[in-house]
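The whole structure should be built from the sequences, with the hints applied where relevant.
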Amino acid sequence: MKKTITGLMLSLWAGFAPAQDVTVAWLEIARDVPPTLSNLDPIPDDLGHAGVMTALADNQTTGRFLGQAWQVEAHRVALGEDPGPAAEAAFAAADFVIVDAPAEALLSIAALDGAAGKLLYNSGAGEPALRDDLCRANLLHTLPSTAMRTDALAQFLVRKRWDDVVMVAGGHPGDQAYAAAMERSLAKFGLRLSARKEWRFDADMRRNAAQEVPLFTQDFGQYDALIVADELHDFGRYILFNTWEARPVIGSEGLQAEAWGPAVEQWGAAQLQSRFEEAHGRRMQPRDYAAWAALRAIGEAVTRTKAADAATVRSYLLGPDFELAGFKGRPLTFRGWNGQLRQPIPLLHPRALVASAPLEGFLHQRTELDTLGIDAPETRCTAFD
Amino acid sequence: MIRITALTLLLATSGLGHGALGDEIWVSNEKDDTISVIDIETLEVVRTLDVGERPRGITFSKDYSVLYVCASDSDTVQVIDPESGRVLHELPSGEDPEQFVLHPDDRHLYIANEDDAITTVVDTETRRVVAQIDVGIEPEGMAVSPDGKIAITTSETTNMAHWIDTESQSLFANTLVDSRPRHAEFIKEGTELWVSSEIGGTITVFDVATQAEITKIDFAVDGVHPDRVQPVGFEMTKGDTHAYVALGPSNHVAVVNADTYEVEDYILVGRRVWHMDFNADRSLVFTTNGVSGDVTVIDVASRKPIKSIKVGRFPWGAAFRPTS
Numbered sequence: 001m002k003k004t005i006t007g008l009m010l011s012l013w014a015g016f017a018p019a020q021d022v023t024v025a026w027l028e029i030a031r032d033v034p035p036t037l038s039n040l041d042p043i044p045d046d047l048g049h050a051g052v053m054t055a056l057a058d059n060q061t062t063g064r065f066l067g068q069a070w071q072v073e074a075h076r077v078a079l080g081e082d083p084g085p086a087a088e089a090a091f092a093a094a095d096f097v098i099v100d101a102p103a104e105a106l107l108s109i110a111a112l113d114g115a116a117g118k119l120l121y122n123s124g125a126g127e128p129a130l131r132d133d134l135c136r137a138n139l140l141h142t143l144p145s146t147a148m149r150t151d152a153l154a155q156f157l158v159r160k161r162w163d164d165v166v167m168v169a170g171g172h173p174g175d176q177a178y179a180a181a182m183e184r185s186l187a188k189f190g191l192r193l194s195a196r197k198e199w200r201f202d203a204d205m206r207r208n209a210a211q212e213v214p215l216f217t218q219d220f221g222q223y224d225a226l227i228v229a230d231e232l233h234d235f236g237r238y239i240l241f242n243t244w245e246a247r248p249v250i251g252s253e254g255l256q257a258e259a260w261g262p263a264v265e266q267w268g269a270a271q272l273q274s275r276f277e278e279a280h281g282r283r284m285q286p287r288d289y290a291a292w293a294a295l296r297a298i299g300e301a302v303t304r305t306k307a308a309d310a311a312t313v314r315s316y317l318l319g320p321d322f323e324l325a326g327f328k329g330r331p332l333t334f335r336g337w338n339g340q341l342r343q344p345i346p347l348l349h350p351r352a353l354v355a356s357a358p359l360e361g362f363l364h365q366r367t368e369l370d371t372l373g374i375d376a377p378e379t380r381c382t383a384f385d
Numbered sequence: 001m002i003r004i005t006a007l008t009l010l011l012a013t014s015g016l017g018h019g020a021l022g023d024e025i026w027v028s029n030e031k032d033d034t035i036s037v038i039d040i041e042t043l044e045v046v047r048t049l050d051v052g053e054r055p056r057g058i059t060f061s062k063d064y065s066v067l068y069v070c071a072s073d074s075d076t077v078q079v080i081d082p083e084s085g086r087v088l089h090e091l092p093s094g095e096d097p098e099q100f101v102l103h104p105d106d107r108h109l110y111i112a113n114e115d116d117a118i119t120t121v122v123d124t125e126t127r128r129v130v131a132q133i134d135v136g137i138e139p140e141g142m143a144v145s146p147d148g149k150i151a152i153t154t155s156e157t158t159n160m161a162h163w164i165d166t167e168s169q170s171l172f173a174n175t176l177v178d179s180r181p182r183h184a185e186f187i188k189e190g191t192e193l194w195v196s197s198e199i200g201g202t203i204t205v206f207d208v209a210t211q212a213e214i215t216k217i218d219f220a221v222d223g224v225h226p227d228r229v230q231p232v233g234f235e236m237t238k239g240d241t242h243a244y245v246a247l248g249p250s251n252h253v254a255v256v257n258a259d260t261y262e263v264e265d266y267i268l269v270g271r272r273v274w275h276m277d278f279n280a281d282r283s284l285v286f287t288t289n290g291v292s293g294d295v296t297v298i299d300v301a302s303r304k305p306i307k308s309i310k311v312g313r314f315p316w317g318a319a320f321r322p323t324s
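Residue numbers (the numbering used here), protein chains in the order written: chain A, 1 to 385; chain B, 1 to 324.
Just so you know, these hints were derived from the structure itself, not from any lab. Keep in mind the model is a prediction, meaning the values are calculated, not measured. Backbone N, C-alpha and C fix where the C-beta goes; we use that ideal spot for every residue, glycine too. It is possible that some hints are incorrect.
Covered by chain B, per the in silico footprint, the following chain A stretches (three or more residues, Cβ under 8 Å) [to be verified]:
no.: 1; region: 262 to 274
no.: 2; region: 317 to 330
A few chain A positions that, by computed beta-carbon distances, are all more than 12 Å from chain B [stated by the list, open to error]:
no.: 3; residue: Thr62
no.: 4; residue: Arg64
no.: 5; residue: Asp132
no.: 6; residue: His172
no.: 7; residue: Arg200
no.: 8; residue: Arg304
no.: 9; residue: Arg351
no.: 10; residue: Glu368
Here are the simulated lysine-lysine pairs, DSBU-like style, with alpha carbons at most 35 Å apart [what the hints assert, rightly or not]:
no.: 11; chain 1: B; residue 1: Lys304; chain 2: A; residue 2: Lys306
no.: 12; chain 1: B; residue 1: Lys216; chain 2: B; residue 2: Lys304
no.: 13; chain 1: A; residue 1: Lys160; chain 2: B; residue 2: Lys31
no.: 14; chain 1: B; residue 1: Lys310; chain 2: A; residue 2: Lys160
no.: 15; chain 1: B; residue 1: Lys238; chain 2: B; residue 2: Lys188
no.: 16; chain 1: A; residue 1: Lys306; chain 2: B; residue 2: Lys307
no.: 17; chain 1: B; residue 1: Lys216; chain 2: B; residue 2: Lys62
no.: 18; chain 1: A; residue 1: Lys306; chain 2: B; residue 2: Lys216
no.: 19; chain 1: B; residue 1: Lys31; chain 2: B; residue 2: Lys304
no.: 20; chain 1: B; residue 1: Lys188; chain 2: B; residue 2: Lys307
Given below as structure tokens:
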């Protein structure tokens, strides 16, 4: 804990001592993202990083009154490069590393020697296995797992009594993983998946959707809702309004369950949205939110414990006193058995918030938030015991 | 009887004036850009005034001759003649004024600028900004001590009460509270400061002389998960013996004994209860319920809700006005 002159003066002025320097590393591993049919939704270059920068400003403002000085050091790894050196540089610079990486790279980073004694935050990978059999004690997750998102939608289906559903799944591994999580959620909440079809078209659906999609969905017969598993947002948008039967579409398109979205404006969220937009010139996305939550959680822990080492922060974050005001209507905490940030999951369409899971009536002995995702009795994670 | 009320309403809405049947509660409707005026004797809305965009904090001058309204999205504080309902003029307020407090000198408004992390001090006579003080992220709760020497701003994301010396207009202390502080009040002749924390679910009580924490008040409503018990606005009964505390989405108001700091009662009200005010003798309290769009009237003696009054969309603040 270095004392800087400005920090010291500030702390005397504010009646606090001692001054603290806190450095957090941002580690971003580029992903191989195939092209999509539509050009409407470019992936921002600063996805995730913009969330960290918003949280940095929040922490700095609070830190002013407490004699804390906050810095973020960014490390980026290009496609095809070994993430090892950048990760080691991040570990050398900071006790806390927020990582936006595909699951495989994330695991290899968390297993490096340099990662021992550090605290890593996963803000970019939704794979449930990272929170389950592949979990690691030094890795917390602020991005909700895919299972939390599909559980949120399943609760909505139950609530609406749309209990006979069909699914169209894309061929990308991400689509298949989403479909698998959805099948698990449907079983968990007692819903019936009466048919599943794989999307195998390679025509340009911008021209053909009106001809192809009705035929493709005709043999589904009668059902209550159609689930789309298209995490790349490639073909799903062309399913809407083109199905043979007039039915709602949910999943990766239509009604979506995400950590965050532009339509989240209740619970003071409009303030975070406008701070973010003003600083970065675009809307805040789920990975931005997860990165923001990671740095804010560190900020909260440092402020409350007055310590800035990984061990103290980790035990505070996983303990009973931590709570993060995450603009989702109730305090956010970490699950002690796998390091996942507990959080409500907004159910959104592009223009409005439809509901917020957990939905009323889904009860749990600890907190209703644990009706979403992998619960303690079913976890295969043992690293947190 | 019905005819008289209808006539009153007609006169009121046609802008010809209003039959002053009794004292009034003024309610700002955040999502309607209006103020609903409730007659305390009839417990009915007798007037609806158009104001600036997204009205939230409202307060009267000490002699009730003018009403101040934070028109948050118009980035201004409007000064309104309560008789005619006309906007007399606007005060510079800094961006996005959310909540404010009138200094005991009846002249200076201390305004929380939610989007700018600033507290703005405005002179209502010269209509000029006299100071801007940097505070934490999302300032909201505002209070000033009865002797006028200390002003408080609470910041929702920084989770602090910022103590402002009103003579130098600068901070002299910053004290941490639980998550998302929303409202602050000086009580017991300014010896204690109470700060509610919405997400933390507590009220922190400070000793004003030392700025040290005396205690924390917790809340627990039967059948409601603790996460949903979110203290927001609160007001004191006569003699500061009890606090009535709005508990947000738990849809309850807590009655707290201010001497023992124990919660004595929970009263069911409308949805997402936010702020409140009392009538003249403090025998009735009027709570604003944002989600249900109504005001619950609670009888203080029996601690029972006696009526719900429909107002505009998202009622936010409430302010008492005597008419005689």
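Quick rundown of the hints versus the structure:
| no. | hint | in the structure |
| --- | --- | --- |
| 1 | 262 to 274 | holds (count 3) |
| 2 | 317 to 330 | holds (count 5) |
| 3 | Thr62 | 4 Å, violated |
| 4 | Arg64 | 8 Å, violated |
| 5 | Asp132 | 25 Å, holds |
| 6 | His172 | 36 Å, holds |
| 7 | Arg200 | 45 Å, holds |
| 8 | Arg304 | 8 Å, violated |
| 9 | Arg351 | 17 Å, holds |
| 10 | Glu368 | 7 Å, violated |
| 11 | B:Lys304 with A:Lys306 | 45 Å, violated |
| 12 | B:Lys216 with B:Lys304 | 26 Å, holds |
| 13 | A:Lys160 with B:Lys31 | 28 Å, holds |
| 14 | B:Lys310 with A:Lys160 | 29 Å, holds |
| 15 | B:Lys238 with B:Lys188 | 11 Å, holds |
| 16 | A:Lys306 with B:Lys307 | 48 Å, violated |
| 17 | B:Lys216 with B:Lys62 | 32 Å, holds |
| 18 | A:Lys306 with B:Lys216 | 20 Å, holds |
| 19 | B:Lys31 with B:Lys304 | 28 Å, holds |
| 20 | B:Lys188 with B:Lys307 | 30 Å, holds |
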